[in-house]
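Engineer: The chain contents come next:
2 protein chains.
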Amino acid sequence: MALIVQKYGGTSVANPERIKSLAARVARYKALGHQIVVVVSAMSGETNRLISLAKEIMQDPDPRELDVMVSTGEQVTIGMTALALMELGIKAKSYTGTQVKILTDNAHTKARILSIDEHNIKQDLDDGYVVVVAGFQGVDANGNITTLGRGGSDTTGVALAAALKADECQIYTDVDGVYTTDPRVVPEARRLNKITFEEMLELASQGSKVLQIRSVEFAGKYKVKLRVLSSFEEEGDGTLITFEEDNTMEQPVISGIAFNRDEAKITVLGVPDKPGIAYQILGPIAEANVDVDMIIQNTGADGTTDFTFTVHKNEMNKALSILRDKVQGHIGAREISGDDKIAKVSIVGVGMRSHVGIASQMFRTLAEEGINIQMISTSEIKIAVVVDEKYLELAVRVLHKAFELEAA
Amino acid sequence: MALIVQKYGGTSVANPERIKSLAARVARYKALGHQIVVVVSAMSGETNRLISLAKEIMQDPDPRELDVMVSTGEQVTIGMTALALMELGIKAKSYTGTQVKILTDNAHTKARILSIDEHNIKQDLDDGYVVVVAGFQGVDANGNITTLGRGGSDTTGVALAAALKADECQIYTDVDGVYTTDPRVVPEARRLNKITFEEMLELASQGSKVLQIRSVEFAGKYKVKLRVLSSFEEEGDGTLITFEEDNTMEQPVISGIAFNRDEAKITVLGVPDKPGIAYQILGPIAEANVDVDMIIQNTGADGTTDFTFTVHKNEMNKALSILRDKVQGHIGAREISGDDKIAKVSIVGVGMRSHVGIASQMFRTLAEEGINIQMISTSEIKIAVVVDEKYLELAVRVLHKAFELEAA
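Respectively, the protein sequence lines represent chains D and C. Those letters in the first sequence? Residues 1 to 408, by my numbering. Those letters in the second sequence? Residues 1 to 408, by my numbering.
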């Protein structure tokens, strides 16, 4: 007998039929003797409908009141899910974030969980109930309803699993696990049975949209065993996210290939090479709340340096204006340019720690296809390159093949 | 400066435009220096939509979970209403029933209010906020969400007015007050500027559907000054419901005429006239949870008695079966019959206490039109008669004229 937290997203509760099929799955786990906590999102489309209603009244809605409205989406789903379980003869009880109480800070629309009172849920589980909890929402110390921001239901699931010391937190999505790369780009992409937490973090932050990054971080912090599964398939064990590295010989060097089309590159050319240049360039960018991803600085022979970094495409023009208005004259840069026709491709794997030559194999593979590398950034378990956007699919495909990630 | 509770029903918050117009009205009251608490229902149609969703899952939904779902209707409206007020530059803050805390018993879907914690609302009012409260909902001692049943938003308004010792509770509806009778039947019907609580109670229970009976009883118990107004008209003072009788000469004898097409008549003929007959007949009816309205017993010359009572039309067949199966043989009644082609017409007025001859004037008026009276029931401020359904409109019209209730 295990205590399992199962989290179902918006498409898994999109309508009464889907909710009934969710309930049938929970019933199968319950029949095996497990204690189950179900965390549900709002029915798909519902959150957007509620936000639209709010915006019809106020273009930039007050966040406290927006949370009051938006949190009703999950509240409807928990009631429906509890009813669907009862209809199958299973004792079930729903909880809003307030009822649990999932205590958060007061940062409306992007609150962070401070603590979870697990007492009542534990009591209900011991009394044989399946407990159904609204994802994405909490309550602050003054009783105000808060939401955790988009995708926050994953975080609710992981946080509940941590608070309840659950044996496993299962995240049901519309994919059946984490793949070596996006199967829409590489049809041979293979589902991973297991992936380390750090690899998952890199894959998620690099644009593999399976899990919300925050929930993965949370799972890592509290050592929650996380499993990604499909809510549309009866069979399959999904992908388990582990916190220990597997030291067996079978361990592949590379676990997966992530990519991202959302970034733009900004280059500051011909800056006099003096201490403090990086701060002078990036300080005003950070003050304007523009997130920076990769940063590269190369010193040239003539005593000047070229400084390149990437931002989200939507913020390229904002960043360019800031640099031209506030920075260029000040630091004496020769030229400032932006390019949003780029893509980032990363190879990820804890195995590369103990293998040499991974980077050179990656660069050779790309060179053989005539793909020019514009930027390189590395971490212990990842090598990311920026290439021309038009080469994205080709780069992912040849790397997938070069590192033998195809299905056996 | 007064403290005013304003309650708006579903049609008054049916869409963002209506909510904006509601906010504009609140703004005008606020500009006069009043403190305002707004109580809102769900957008019209929303409660039914949520009930339907629940029924798609479970035909007879568990009441606790149904309340979880249905209460989201008002929760969305309070957020929208607070936003609409903010958009007009007014400080506003919404409260769910749980947040207020409107403590109820645990009778889900028909809970009763036990107490209201007015502390936070008072503080917000003193800080210059308009406070927006979700009608129809509360929370039980264990933190479960409850609802007060259909129309319960009126009760929320009155209960809040009582707890806050408000100067007035204004109920905004789609009519502009209480009329001498239904203007669809008698176009000359006149809006009453003032009506006593007892008259209102009789008019409401007799089928004038302006206010929910429970809220009127509540207002009477806590001496809340209640005013019915139209949310679709800018002008007009509506109808004030008072708790003192006006002893001026102008006091009309009759305040209004109520009617009801929803009842059916059941007659038990030729019952031996012995003590305990009424209980033997009505006991099994009450046990089956069938509500009885009028009851009449006439003793005949032959030592038998005829016993007649009315029930809701929907329950006539159920009542007839009970009587035929369990009662008729037992008490030796000659015949049991039902008639659902009847209507009840009542004249209501505190003035009739001090005037003789009101009943005879009513009966003469009906006789002159050839309308046969099948049953009569009287109280201190009301005389009700049952007539053939086809005479309903005629009876209401001639009585309205006979008692000079037309607009001046």
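Accuracy of the hints is not assured; some may be wrong.
Chain copies aren't distinguished; within one or between two, either way the pair holds.
[To be verified] Calculated pairs, DSS-like style, for lysine-lysine (alpha carbon to alpha carbon, straight line, at most 25 Å):
| no. | residue 1 | residue 2 |
| --- | --- | --- |
| 1 | K194 | K110 |
| 2 | K122 | K30 |
| 3 | K318 | K165 |
| 4 | K55 | K20 |
| 5 | K55 | K221 |
| 6 | K401 | K110 |
| 7 | K55 | K91 |
| 8 | K91 | K110 |
| 9 | K318 | K225 |
To be clear, the hints were calculated from the coordinates, so they are not data collected in a lab.
Engineer: Would you mind marking each hint as holding or not holding in the structure?
Structural biologist: Hints, verified against the model:
no.	hint	result
1	K194 - K110	neither (30 Å within a copy, 51 Å between copies)
2	K122 - K30	within (16 Å within a copy, 48 Å between copies)
3	K318 - K165	neither (45 Å within a copy, 55 Å between copies)
4	K55 - K20	between (32 Å within a copy, 12 Å between copies)
5	K55 - K221	neither (37 Å within a copy, 41 Å between copies)
6	K401 - K110	neither (40 Å within a copy, 65 Å between copies)
7	K55 - K91	between (39 Å within a copy, 18 Å between copies)
8	K91 - K110	between (33 Å within a copy, 23 Å between copies)
9	K318 - K225	neither (41 Å within a copy, 58 Å between copies)
The earlier numbered hints that this structure contradicts are 1, 3, 5, 6, 9.
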